[in-house]
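With chain A fixed as given, assemble chain B with the ligands onto it according to the hints.
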Amino acid sequence: MKRLFKPGLLIPVVLIIILAIWPLLSGNSASSREAMFTLIMSMALASSLNIILGYTGYVSFGHIVFFGIGGYAGFWAITELGWHILPAALLGGLVAAIIAWLLGLAVLRLRGAYFALATIGILEAMKALVINLDFLGGPVGLEMHFSEYKRYGGPMQSLWMVYWSMVALAILVVLVSYFVKTSKFGLGLMAIREDEDAAEVMGVITPRAKTWAYVLSAVFPGIIGVLFFFKNGNIEPGDAFRLHFSIEWIVMIMLGGAGTVLGPVLGGGLYQWLRKTLLTSPFFKDYQLVVAGVLLLLIVLFVPTGIIGWLRARSHKLRRIFE
Amino acid sequence: MKILELKNVTKRFGGLTAVNDVTFDLEEGEILGLIGPNGAGKTTLFNCINGVYKPTEGKVIFKGQDITGLPTYKSAHIGLSRTHQIVRPLNELTVLENAMVGACYGRENMNLGDARKTAREMLEFVGMAEKAEALAGTLNVAQKKRLEMARALSARPYLLLLDEVLAGLNTAEVTHMLDTIRKIREQGVTIIMIEHIMHAVMSLSDRLIVLNYGSLIAEGTPEEVSQNPEVIEAYLGDPDLAARLLEEEKA
Ligand SMILES: Nc1ncnc2c1ncn2[C@@H]1O[C@H](COP(=O)(O)OP(=O)(O)O)[C@@H](O)[C@H]1O
Ligand SMILES: [Mg+2]
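Protein chains in written order, with my numbering: chain A, 816 to 1138; chain B, 35 to 285.
Just so you know, these hints were derived from the structure itself, not from any lab.
Hints are not guaranteed to be accurate.
[Stated by the list, open to error] Non-contacting residues of chain B with respect to chain A, defined by C-beta distances greater than 12 Å in every case (computed):
| id | residue |
| --- | --- |
| 1 | ARG46 |
| 2 | GLY63 |
| 3 | GLN99 |
| 4 | HIS118 |
| 5 | GLU167 |
| 6 | GLY171 |
| 7 | GLN177 |
| 8 | SER237 |
| 9 | ASN262 |
| 10 | GLU267 |
[Claimed, not checked] BS3-like, lysine-lysine: derived pairs with alpha carbons at most 27 Å apart:
| id | chain 1 | residue 1 | chain 2 | residue 2 |
| --- | --- | --- | --- | --- |
| 11 | B | LYS151 | A | LYS1132 |
| 12 | A | LYS821 | A | LYS1132 |
| 13 | B | LYS151 | A | LYS999 |
| 14 | B | LYS108 | B | LYS93 |
| 15 | B | LYS165 | A | LYS1132 |
| 16 | B | LYS88 | B | LYS41 |
| 17 | B | LYS93 | B | LYS165 |
| 18 | B | LYS97 | B | LYS36 |
| 19 | A | LYS942 | A | LYS1046 |
| 20 | B | LYS165 | A | LYS999 |
| 21 | B | LYS217 | B | LYS165 |
| 22 | B | LYS151 | A | LYS821 |
| 23 | A | LYS999 | A | LYS1132 |
| 24 | B | LYS108 | A | LYS821 |
| 25 | B | LYS97 | B | LYS108 |
| 26 | A | LYS1046 | A | LYS1100 |
| 27 | B | LYS41 | B | LYS151 |
| 28 | A | LYS965 | A | LYS1046 |
| 29 | B | LYS217 | B | LYS151 |
| 30 | B | LYS217 | B | LYS97 |
| 31 | A | LYS999 | B | LYS108 |
[Stated by the list, open to error] Which chain A residues face chain B? A few, computed with CB under 8 Å, are given here:
| id | residue |
| --- | --- |
| 32 | GLU1011 |
| 33 | ALA1013 |
| 34 | VAL1019 |
Every value quoted in this text rests on a predicted model; they were computed, and no experiment measured them.
Where a beta carbon is used, it is the ideal one built from N, C-alpha and C, also for glycine.
Next up, chain A with everything else stripped away, as it sits in the complex (with noise of 0.2 Å):
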């Protein structure tokens, strides 16, 4: 119990709590709602990836084929078997887990450049083969009925029910990276990250601790497709497997500090937030994915370790109050 009470878990869950009422307090809040959905969504997308990325050390550039292939699992099963959504998340979940924990035999031997290069190849062949498979409907995809919504009470209500498993998904995956972060595992991970070699020496049992790192980043972006993708009404490859969503979450992560727990959350939020703004003004609607290239290159080059690594660098009592 007293392992909850830390500041650096309470702090990015409140920042969560808070930012999830925003839409109840607000005056337009199915706008608002829409608005903050994106924005607790990419922040446990950019969590989840952390756990690979940041504590492990494998950047893992096509992280959105998970949220595809969880996405396409899911919402097949609700509109072919006719599945609850809660159900199809948790499918989309284990479905993701399961390919993650396959293809990770097989590219978790590759390092550094090469790894990240095998998950872009992963992500393409994903979504090559999903245009080719019939019953996922192809190229067009899939699409779900509008009288679907009628189970959960109406569209409104499913809205407002595919919200809240977002908002409980997100403090969810802030939970695990903050467990997995001080715990023994996760000092196997960081060790890794650190040197692959040495970490082995030591006896950390390196092919295992990737797998489950692996998988486990890859189970909760499972869950969040069926979600997203149910809140959508359809999916389609291109929306399902589109890379730069992948790099938006690696900016993200280095934005806020990749390794940390509370790094991912707020860069999440923040380039949400930076998007949006961006995005209504004319000037900059066309240039976003510019801008987040000069946002990533000037992280890279002038804080590496994002605001919250910053931060922590500066003292030891920053270093525990963020964690």
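Structure of chain B with the ligands alone, referenced to chain A:
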């Protein structure tokens, strides 16, 4: 009792034979000095023992168990720890966390709480306690060498492989490190140490083995080895040097 037996261990890299048909035994509680010129194959021999490399030929027996080519993490689990000649600190982790990795994943597979305690003890032991909260990347070379040592010791090994832990240290630091190694032996840990600083390895070792171009050319007490003509010829090069070293030792 024999803790380690090497039987005809050979390691080739393509055409280069880095370790050539090396055979020796090690008694429990012993300090064995491993000497030889640069490039003689000493580090490669360590790598063959703890599983970084699988020997091209030959066997490595640890406590009666064949461990030839076992992954390094398995060696660590059964009580074989080592330091690296070229230090490998986990830079972005604290000194304490570095040592905790050793404790958590070493022979006793400790939980975080026990690991923290053991790690602190070992940092104290090697004289690094006041640096516990510093990031390992910020240490100087001497401190990084001691950290390597604390990390290896935190695993509570039966056999400790020390690869040039004295290199790059000043006289005071060498003395401190020698003290530390003696204390480790007193705790019953068996040690193989690779060392270039002759007086140090001569004074610490119960026995020496000498590698030259991958082959074991001499074996015996420090006195025997330093009087061995082949060693003088091949390794020390300068025949007077051996005599001088022994003088130094007696002085
Ligand atoms: N991974 C490797 N690949 C190829 N050659 C190697 C490798 N490791 C060591 N060697 C070679 O093996 C020989 C012995 O090296 P090493 O064991 O490091 O010597 P020592 O530790 O005695 O100075 C050297 O010629 C070195 O270049
Ligand atoms: Mg060497």
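How the hints compare with the structure:
1. Separation of ARG46(B) from chain A is adequate, the least Cβ-Cβ distance of about 21 Å exceeding the 12 Å criterion.
2. Look at GLY63(B): its CB is around 23 Å from the nearest CB on chain A, clear of 12 Å, so calling it non-interface holds up.
3. No beta-carbon of chain A is positioned within 12 Å of the beta-carbon of GLN99(B); the least distance is around 16 Å.
4. Under the 12 Å C-beta cut-off, the non-interface status given to HIS118(B) relative to chain A is violated; the minimum distance is some 7 Å.
5. Taking the minimum C-beta to C-beta distance to chain A, about 6 Å, the non-interface status of GLU167(B) is violated against the 12 Å cut.
6. Some Cβ of chain A comes within 12 Å of the Cβ of GLY171(B); the nearest lies about 9 Å off, and the non-interface call is violated.
7. For GLN177(B), the non-interface assignment is confirmed: its Cβ lies about 16 Å from the closest Cβ of chain A, beyond the 12 Å cut-off.
8. Chain A leaves SER237(B) outside its interface by the beta-carbon criterion, the shortest separation being 28 Å against a cut-off of 12 Å.
9. Listed as outside the interface, ASN262(B) is consistent with that label: its C-beta sits roughly 33 Å from the nearest C-beta of chain A, beyond the 12 Å cut-off.
10. In this structure GLU267(B) is separated from chain A by more than 12 Å, as the shortest Cβ-Cβ distance comes to about 35 Å.
11. In summary, the hint linking LYS151(B) to LYS1132(A) is supported, as the alpha carbons are separated by about 22 Å, within the 27 Å threshold.
12. Restraint check for LYS821(A) and LYS1132(A): satisfied, since their Cα atoms lie roughly 13 Å apart, inside the 27 Å limit.
13. Distance check on the hinted pair: LYS151(B) and LYS999(A) sit about 14 Å apart at the alpha-carbon level, within 27 Å; holds.
14. Distance check on the hinted pair: LYS108(B) and LYS93(B) sit about 16 Å apart at the alpha-carbon level, within 27 Å; holds.
15. Distance restraint check for LYS165(B) and LYS1132(A): the Cα-Cα separation of roughly 16 Å lies within the 27 Å cut-off, and the hinted pair is therefore satisfied.
16. Restraint check for LYS88(B) and LYS41(B): satisfied, since their Cα atoms lie roughly 13 Å apart, inside the 27 Å limit.
17. Taking the CA atoms of LYS93(B) and LYS165(B), the gap is about 40 Å. The hint is violated against a cut of 27 Å.
18. Proposed proximity of LYS97(B) and LYS36(B) is supported: the alpha carbons are some 7 Å apart, at most 27 Å.
19. For the hint pairing LYS942(A) with LYS1046(A), the CA-to-CA distance comes to about 21 Å; that is within 27 Å, so the pair holds.
20. With a C-alpha separation of about 22 Å, the suggested pair LYS165(B) and LYS999(A) falls inside the 27 Å cut-off, and the hint holds.
21. Pair hint LYS217(B) plus LYS165(B) holds up; C-alpha atoms about 21 Å apart against a cutoff of 27 Å.
22. Restraint check for LYS151(B) and LYS821(A): satisfied, since their Cα atoms lie roughly 21 Å apart, inside the 27 Å limit.
23. For the hint linking LYS999(A) to LYS1132(A), the alpha-carbon distance of about 23 Å falls within 27 Å, and the restraint holds.
24. Using a Cα cut-off of 27 Å, the hinted pair LYS108(B) and LYS821(A) is violated, with the two alpha carbons roughly 35 Å apart.
25. Pair hint LYS97(B) plus LYS108(B) holds up; C-alpha atoms about 14 Å apart against a cutoff of 27 Å.
26. Among the hinted pairs, LYS1046(A) with LYS1100(A) is consistent with the structure: their alpha-carbon atoms are about 24 Å apart, no more than 27 Å.
27. With a C-alpha separation of about 38 Å, the suggested pairing of LYS41(B) with LYS151(B) is violated against the 27 Å cut-off.
28. With a CA separation close to 13 Å, the supplied pair LYS965(A) and LYS1046(A) stays within the 27 Å bound.
29. Among the hinted pairs, LYS217(B) with LYS151(B) is consistent with the structure: their alpha-carbon atoms are about 19 Å apart, no more than 27 Å.
30. Simply put, LYS217(B) and LYS97(B) have alpha-carbon atoms about 23 Å apart, close enough for the 27 Å limit, and the pair holds.
31. With a CA separation close to 18 Å, the supplied pair LYS999(A) and LYS108(B) stays within the 27 Å bound.
32. Contact between GLU1011(A) and chain B, as hinted, is not supported at the beta carbon level, the nearest pair being about 10 Å apart and thus beyond 8 Å.
33. Checking ALA1013(A) against chain B: minimum C-beta separation of about 4 Å stays under 8 Å; hint holds.
34. The restraint placing VAL1019(A) at the interface with chain B holds, with a minimum CB-CB distance near 5 Å, inside the 8 Å limit.
Figure legend: structure checked against the earlier numbered hints; hints not met, in rising order: 4, 5, 6, 17, 24, 27 and 32.
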